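Chemist: What follows is each chain in one-letter form.
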Amino acid sequence: MSVLQGTASPAPIPVEIGGVRGGPPRSEVLRRDLWWVQPLITGLGLLGFVAYGTWTAFRGDYYFAGTISGVSHLPSHYLSPFYSPCLVSSCPTAVRWGPIGNVGAISPALLILIFPMGFRVTCYYYRKTYYRSFWASPPACAVADVGSTKSGGVRSRYTGETRFPLVLQNIHRYFWYFAVVFAGLLTWDAIQAFQFGSGWGMGLGTLIFILNAVLIWAYTLGCHACRHICGGSLRKFSSSPTRFKIWSKIVTPLNAHHQLFAWLSLIWIACTDLYVYLVAMGTIHDPRFF
Amino acid sequence: MAIDTAAPASAPETSTTDGRELRMRLWRGDASGGEFVEYRVPAQEGEVVLDVVHRIQATEAPDLAVRWNCKAGKCGSCSAEINGRPRLMCMTRMSALPTEEPITVSPMRAFPVMRDLVTDVSYNYEVAKLIPNFTPGPKPPEGYRMQQVDVERGQEFRKCIECFLCQNVCHVIRDHEENKEHYAGPRFFVRLAELEMHPLDTLDRRAYVRERMGIGYCNITKCCTEVCPEDIHITDNAIIPLKERVVDSRYDPVAWLGRKILSRPDPMSASEAAKHTGAARAAERAAKTKES
Numbered sequence: 000m001s002v003l004q005g006t007a008s009p010a011p012i013p014v015e016i017g018g019v020r021g022g023p024p025r026s027e028v029l030r031r032d033l034w035w036v037q038p039l040i041t042g043l044g045l046l047g048f049v050a051y052g053t054w055t056a057f058r059g060d061y062y063f064a065g066t067i068s069g070v071s072h073l074p075s076h077y078l079s080p081f082y083s084p085c086l087v088s089s090c091p092t093a094v095r096w097g098p099i100g101n102v103g104a105i106s107p108a109l110l111i112l113i114f115p116m117g118f119r120v121t122c123y124y125y126r127k128t129y130y131r132s133f134w135a136s137p138p139a140c141a142v143a144d145v146g147s148t149k150s151g152g153v154r155s156r157y158t159g160e161t162r163f164p165l166v167l168q169n170i171h172r173y174f175w176y177f178a179v180v181f182a183g184l185l186t187w188d189a190i191q192a193f194q195f196g197s198g199w200g201m202g203l204g205t206l207i208f209i210l211n212a213v214l215i216w217a218y219t220l221g222c223h224a225c226r227h228i229c230g231g232s233l234r235k236f237s238s239s240p241t242r243f244k245i246w247s248k249i250v251t252p253l254n255a256h257h258q259l260f261a262w263l264s265l266i267w268i269a270c271t272d273l274y275v276y277l278v279a280m281g282t283i284h285d286p287r288f289f
Numbered sequence: 000m001a002i003d004t005a006a007p008a009s010a011p012e013t014s015t016t017d018g019r020e021l022r023m024r025l026w027r028g029d030a031s032g033g034e035f036v037e038y039r040v041p042a043q044e045g046e047v048v049l050d051v052v053h054r055i056q057a058t059e060a061p062d063l064a065v066r067w068n069c070k071a072g073k074c075g076s077c078s079a080e081i082n083g084r085p086r087l088m089c090m091t092r093m094s095a096l097p098t099e100e101p102i103t104v105s106p107m108r109a110f111p112v113m114r115d116l117v118t119d120v121s122y123n124y125e126v127a128k129l130i131p132n133f134t135p136g137p138k139p140p141e142g143y144r145m146q147q148v149d150v151e152r153g154q155e156f157r158k159c160i161e162c163f164l165c166q167n168v169c170h171v172i173r174d175h176e177e178n179k180e181h182y183a184g185p186r187f188f189v190r191l192a193e194l195e196m197h198p199l200d201t202l203d204r205r206a207y208v209r210e211r212m213g214i215g216y217c218n219i220t221k222c223c224t225e226v227c228p229e230d231i232h233i234t235d236n237a238i239i240p241l242k243e244r245v246v247d248s249r250y251d252p253v254a255w256l257g258r259k260i261l262s263r264p265d266p267m268s269a270s271e272a273a274k275h276t277g278a279a280r281a282a283e284r285a286a287k288t289k290e291s
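Chains as they are written, first to last, in numbering that gives the first Met the number 0: chain A, 0 to 289; chain B, 0 to 291.
Worth double-checking, as some hints may not be accurate.
[What the hints assert, rightly or not] Ranges of calculated distance between the beta carbons of each label pair, as one might list FRET restraints:
1) B/Thr58 <-> A/Arg234: 47 to 57 Å
2) A/Met201 <-> B/Asp265: 47 to 57 Å
3) B/Arg39 <-> A/Pro164: 24 to 34 Å
4) B/Ala64 <-> A/Leu165: 55 to 65 Å
5) B/Arg263 <-> A/Pro164: 28 to 38 Å
6) A/Asp32 <-> B/Asn68: 47 to 57 Å
7) B/Ser31 <-> A/Phe114: 20 to 30 Å
8) A/Arg31 <-> B/Glu180: 52 to 62 Å
9) B/Ser270 <-> A/Arg234: 20 to 30 Å
[As the list claims (entries may be wrong)] With a straight-line cut-off of 20 Å between C-alpha atoms, the simulated SDA-like cross-links for lysine to any residue are:
10) A/Lys244 <-> A/Trp262
11) B/Lys274 <-> B/Pro264
12) A/Lys235 <-> B/Arg144
13) B/Lys128 <-> B/Glu180
14) A/Lys248 <-> B/Lys128
15) A/Lys244 <-> B/Gln147
16) A/Lys248 <-> B/Pro101
17) A/Lys235 <-> B/Asn132
[Unchecked claim] Looking from chain B toward chain A, a few residues come up when the C-beta cut is under 10 Å (computed):
18) Asp29
19) Gly45
20) Val47
Please keep in mind that the hints were generated in silico from the structure rather than gathered at the bench.
Since this is a predicted model, take the numbers as computed values, not measurements.
Heads up, the beta-carbon is just placed ideally off N, CA and C, and yes, glycines get one too.
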């Protein structure tokens, strides 16, 4: 038997730890609803995206659909969000950003994906999802953490996010800073999607890029770290009215739908990439509205 | 004026039976063991689970132990697990439960069973003594003033009825008894968030929240929010803001550099914050009494 003890309390506080609890066995699931459906669906959804993202990231081609300025009516700047910003010398001139030269056979996506991926992996919503679906810790509310049969099917030890590597989840806000930059870049891509070889215009791809940027901003600005930085860290809202307005009028309403935007933006990134891929392959033709 | 205090010979029948029979499986036993026992009672319109449990107690099992008080979802006494889901018995309508199979009612699993559906929740009261108290600064001549916008923020947290369903469903202690030694649980993160967001409070509990209250154990799977009968957004509005405050004080090198450059004070140590707990003050009083 051990006891719960206050840091400053000289006397042990008499709560028995590890005593007999009684009640039904810990590993027995008494829930009669379909509690396993949600972790199954979300787990499959995440696995599906990881599979698609891996294929896209290693693909290394057909990530850009464009043509030379003034030559045709085709779009001149449809760049897959998986490859934006395109930083290496092998990138098409129209979308090349940067200082990195030839990296050989390495896909340009692999150089940048750590940032959006890190943002989502450390996101509070996604943490809930994969802790439930993959860690089974817990798989669902009031269903015991799954562990080895030695410990009666219940995980014998749990340290949460107190130790390496899960303590690294605390760097989420740094990934958020990069996520803001990436949201800005994807917004630039959406603006560039109005460019066609023959001048400004709008095609189906333009709409897809705009929606992609909107969803990315909705997800990024609804982030819990953003909510804290914008105003949540204050003790007194009344002392910072501007931060309070941002917190209460923009970030908190978006945060209330963080789960929705997490999924919509994830799915739409894949859709945007697939659209660019199919247009670049020539499989489909980008319908032009004007 | 005469007041009739005599109880009626039999309770008036306010509900009507509809001919259906309910099968209820109630946990019977104590810390040494027990089992589910099935009871069959006629279904009545408009009942909640607590009504049916009371009927079983009145008709078939007079020794059945069940804790209850207000029957209105405000006292937080009748917490239990109905078909495996942590809920208040008085707020769970029978009409919302499937009746093809027996309805299971069991005690809260995170706490030791005293008898039948009654658990010993004293762990929570011991943790409450470890929360550093509200510590306002010196009273200004015009008295303490708070703006409405600052008052409103904490109102959500004060809705808590201490039913301890969130503590019960939290897998950190539900499935891992040993963590009770160093983990406060969702109800007390709500309390700590309320204090940390109080416009008049001056204490810095961030190191204490990490080291003594064990916020790092929470993996934000949101079960506490799901079961809260008062609809407090425990995870989004209390736990995650506390985690972010801990990041400010512990894991953010930029914030650390900012404190150094701007000569801001370092976060208060956990041991310093611990001096403001009820447990520490009780120990202090006890020492003084002993001296005198």
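Chemist: Determine for every hint whether it applies to the structure shown.
Modeler: Structure-based check of all given hints:
1. For threonine 58 of chain B and arginine 234 of chain A, the Cβ-Cβ distance of about 55 Å falls inside the hinted range of 47 to 57 Å, so the restraint holds.
2. At about 55 Å, the CB distance of methionine 201 of chain A to aspartate 265 of chain B agrees with the hint of 47 to 57 Å.
3. The supplied range of 24 to 34 Å is broken by arginine 39 of chain B and proline 164 of chain A, whose beta-carbon atoms lie about 53 Å from each other.
4. Between alanine 64 of chain B and leucine 165 of chain A, the C-beta spacing of about 41 Å breaks the proposed range 55 to 65 Å.
5. A hinted range of 28 to 38 Å holds for the C-beta pair arginine 263 of chain B and proline 164 of chain A, which are about 31 Å apart.
6. The hinted range of 47 to 57 Å is not satisfied by aspartate 32 of chain A and asparagine 68 of chain B, whose Cβ atoms lie roughly 28 Å apart.
7. At roughly 56 Å, the beta-carbon separation of serine 31 of chain B and phenylalanine 114 of chain A lies outside the given 20 to 30 Å, and the hint is violated.
8. For arginine 31 of chain A and glutamate 180 of chain B, the hinted distance range of 52 to 62 Å is not satisfied, since their beta carbons lie about 33 Å from each other.
9. Separation of serine 270 of chain B from arginine 234 of chain A is about 23 Å and conforms to the stated range, judged on CB atoms against 20 to 30 Å.
10. A threshold of 20 Å between alpha carbons decides the hint, and for lysine 244 of chain A with tryptophan 262 of chain A the separation of about 27 Å lies outside it, so the pair is violated.
11. Only pairs whose Cα atoms come within 20 Å are accepted, and lysine 274 of chain B paired with proline 264 of chain B is accepted, the gap being roughly 19 Å.
12. Of the supplied pair hints, the one linking lysine 235 of chain A and arginine 144 of chain B holds, its CA atoms being roughly 12 Å apart against a limit of 20 Å.
13. For the suggested pair lysine 128 of chain B and glutamate 180 of chain B, the alpha carbons sit about 14 Å apart, so the restraint of at most 20 Å is met.
14. For the hint linking lysine 248 of chain A to lysine 128 of chain B, the alpha-carbon distance of about 37 Å lies beyond 20 Å, and the restraint is violated.
15. For the given pair, lysine 244 of chain A sits about 15 Å from glutamine 147 of chain B by alpha-carbon distance, which is consistent with the 20 Å threshold.
16. Note on lysine 248 of chain A and proline 101 of chain B: the hinted pairing is violated, with a Cα-Cα distance of about 48 Å set against a maximum of 20 Å.
17. Between lysine 235 of chain A and asparagine 132 of chain B, the direct Cα distance comes to roughly 19 Å. Compliance with the 20 Å bound is thereby established for this hinted pair.
18. For the restraint placing aspartate 29 of chain B at the interface with chain A, the shortest Cβ-Cβ distance is roughly 6 Å, inside the 10 Å limit, so the hint holds.
19. Annotation: interface hint on glycine 45 of chain B violated; nearest CB of chain A at approximately 23 Å, more than 10 Å.
20. Using the Cβ-Cβ criterion of 10 Å, the hint placing valine 47 of chain B at the interface with chain A is not satisfied: the shortest such distance is roughly 18 Å.
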